Amino acid sequence: MFKRVVCCLSLMFYLCFANRNQIFAQTKGKDGGRPKIGLALSGGGAKGMAHIGLLRLIDSLGIKVDYISGTSAGGIFGGLYAIGYHPDTLKKIALGINWRRVLSNKVPLRQINIEEKDEYDNYMIEFPVLGGRPRLPSAMIEGQYMSEVLNTLTYSAKHINDFNKLPIPITITSSDIVNGGLVLQHKGSLPLAIRATLAIPAAFAPVWIDGHLLVDGGLDRNFPVQEVKDMGADIVIGGYTGFRLFTEKEIENPMKLIYQTHAFRSVEDAKKQEALADVVVDFTQALSDFSAADFYRNKRIIEIGEQEARKYLPQLIKIAEDQKKYKLDSFSREVKDPNLPVTEIVYQNDKGQPLDLPVMEQFANSRLGLKTGRPIGLKKLNEGVEDLFGTQFFDKVYYTFENNADTGLTLNMRLKQGKPGVFKAAVHYDTEQSAGLIINYTYRNIFLRKSRLLATVDLSERFKGRFDYYKFINSGNRLWFKASFNYQALQNNSILYRLISDENYFNNTLTSEVALGYSLGRSTAVALSLSNENEAIKRGPNLFKRFFGEGNDIRTLYRHSNEALALLFKQNTLDNLYFPKKGNTLVVQAKYLVNNRISTKMPDSTDTRGLLIYDFLNPPPGGLPGNIFRFFLSEHYVERLSRRISLSASATWGFNYSDKYGFDAAYMYENAKFSMGGIDPRQDIGQSNFIGLKRGEFGVANVTSFGLALQYNLRGNLYLTPQVNLAWENGGLNPFKVAVNNDYLFGYGAKLGYMSFIGPINFSIAKTNGFDRNPWRMYLSIGFKF
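Numbered by mature numbering (1 follows the signal peptide of the UniProt record, and there is no 0), the letters in the sequence shown go through residues -18 to -1, 1 to 768 in order.
Treat the hints as calculated values from the structure; they're not laboratory data. Predicted model, so just to flag it, every value in this text is computed and none were measured.
DSSO-like cross-link-like pairs, simulated, lysine-lysine; straight-line CA separation at most 27 Å: (1) K552 with K464; (2) K398 with K353; (3) K378 with K353; (4) K398 with K362; (5) K169 with K18; (6) K74 with K361; (7) K306 with K211; (8) K318 with K18; (9) K362 with K333; (10) K333 with K169; (11) K147 with K169; (12) K464 with K432; (13) K378 with K169; (14) K362 with K88; (15) K211 with K147; (16) K18 with K309; (17) K46 with K169; (18) K563 with K552; (19) K520 with K446.
FRET-style restraints, in silico, Cβ to Cβ: (20) I627 with D70: 23 to 31 Å; (21) R591 with G458: 55 to 63 Å; (22) G400 with G44: 45 to 53 Å; (23) N386 with P340: 22 to 30 Å; (24) V496 with D666: 12 to 20 Å; (25) S270 with G114: 42 to 50 Å; (26) R537 with P340: 56 to 64 Å; (27) K333 with G214: 31 to 39 Å; (28) R591 with F551: 36 to 44 Å; (29) K353 with A417: 46 to 54 Å; (30) Y411 with P357: 51 to 59 Å; (31) Y411 with G458: 41 to 49 Å; (32) V409 with G214: 55 to 63 Å; (33) G458 with T582: 44 to 52 Å.
The C-beta atom is built at its ideal place from N, Cα and C for all residues, glycine as well.
Sequences and hints are given; from them, build the entire structure.
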């Protein structure tokens, strides 16, 4: 008898606690009708993608969710589910998003305007300058690309400013980082609310909403069960992917120890919230080997989420069966965009206040190119935002909508102005030009609005310096004036010098230029320039040898200066400068070199090898070619063949025409020649890549070349690229005149590249025909280039 009583009590205990869903599912709603179902989704960073598995199971069972509350990752997937996204679509979105770009401060290079492409994403560190000193940024990631993704995904619901009017009402939680406390977001811009709840302090920039500076809601409430109950939920289904406490062994890691100090409060609150829920799918144990930053393991996280959610299938089936006892509302969950006209565009700062900068408002308005009084399509709006952000005059450009029943939609363009000055730096090394430290200072809107001033130096044995100032000068903000100064002291890599003399030759160039340019589009510009050009070839020991007393005799063997008038057409649609997967670059330049002045100095009579170089540099009597017309065309095209493979093809063609000798001038100025060599993408106009040659190793007055490469993305940021190049000295305008004989260069080899936090790392091994002293060569390059 006693055993039967114990057995019955044990069964009752199991029914009440171990499987309490059997009881709550019978509960009626507060109004005596159908119980309302609430869904509470926690934060957890990348681990939050496990919520998709729970949503798929809920949807497949036909459970109607009445209310949603979400924090951080739960705010993303909860918000998208609330406006009608099917869980299968959410899975495709999570797997298709470029998380590497979302988690960076960068957008694709093709979104940057042509005036800024050379400087964009070409430094290792960037700090704002305040009071003349670099300062740490308030956050690592502004989230321009993230805002673009969120605005795109929620665009159909842009007219809904009350989250209770969404197909499923939702509350999104955030924390006030200034005053403290939990902030519940029920109204306003849905993408902005989601962006705020994602703002992990110090990682993502905080967001201003209604006068509050908001960050990730996980600081105060990572598992918002109480909030969904306050909305009216009778039964709460929860998904928890948040914090867990590390073991004694795990906190030997100092980073995890710091994390643990923050986790105590969150874990304690999560336990209280869990007690308020009816079904809690706790993913923490199953995801214990994953971190909040494991976005690149998204596929596996979603799979685990689906597996863990199915463990609660009996409880969820019970809820679904009980719901069927009541009549459910039948309506489409998907939000339809009513295509309302935009009646007003308001320019605001990042706090949502009036911008009050008429010049910059006019600048923004011209670059956006949007008209009021009509609906604005998503593509048109995003293109305008990309174009404006691409000018780099704002740290962030995003938008919100307000729907006024009387006046229609108002588009609020939020423009976050960055600090006027930015300090940038990068380290670099390569086996051709040694190591160095690049330091850059960029200042915007100095002297005049809509302007940029930059000064860059490369502190290395091969010193380089650049000063550049440009300003937009018309109301359409497409016409610009530019003044620049460029100095470079480089190792002379010419094969000719090494074959007949030695390697102790250096090229110094100094160019001053003024230009008037016009941007035809975000990726295309044409410019007319006037410049003064100076070049010198020197011979002597390098800087290190001179430092250690191995000679200080530096002799200038050759000087040449001229003025030049040039017309330049430039296009760049590449998605990335260093490892592009799609796009092209096209450069066409017509240049007229006038007032050429030249001087040479004969070396000592005992320097027989130096005399050979002197004979090459010294023009014969009457042999100067006079003024030179120089034409250069270069096209580099990249096509993505698959997810991992891209095909790259390039072609160059250039010629020089002397006003005295036509195409057959026996002597040509050094700076008028075209040079080939190198594998790095940052080349000067008139230079072209050629695997197996050093940069600028082969120079001729007239040239034609082709290149073909196949870039294979091995994994992550690692690339393998086999490459071939072919070139010859063409005869005048005919690029194929000598292509049929053996007088050509053929290079072949492979490059292994990796995009690291210090910049691109490239190692190549290659060979070129034509030189007996040119065996297989290896080349190593680390870091960004000047």
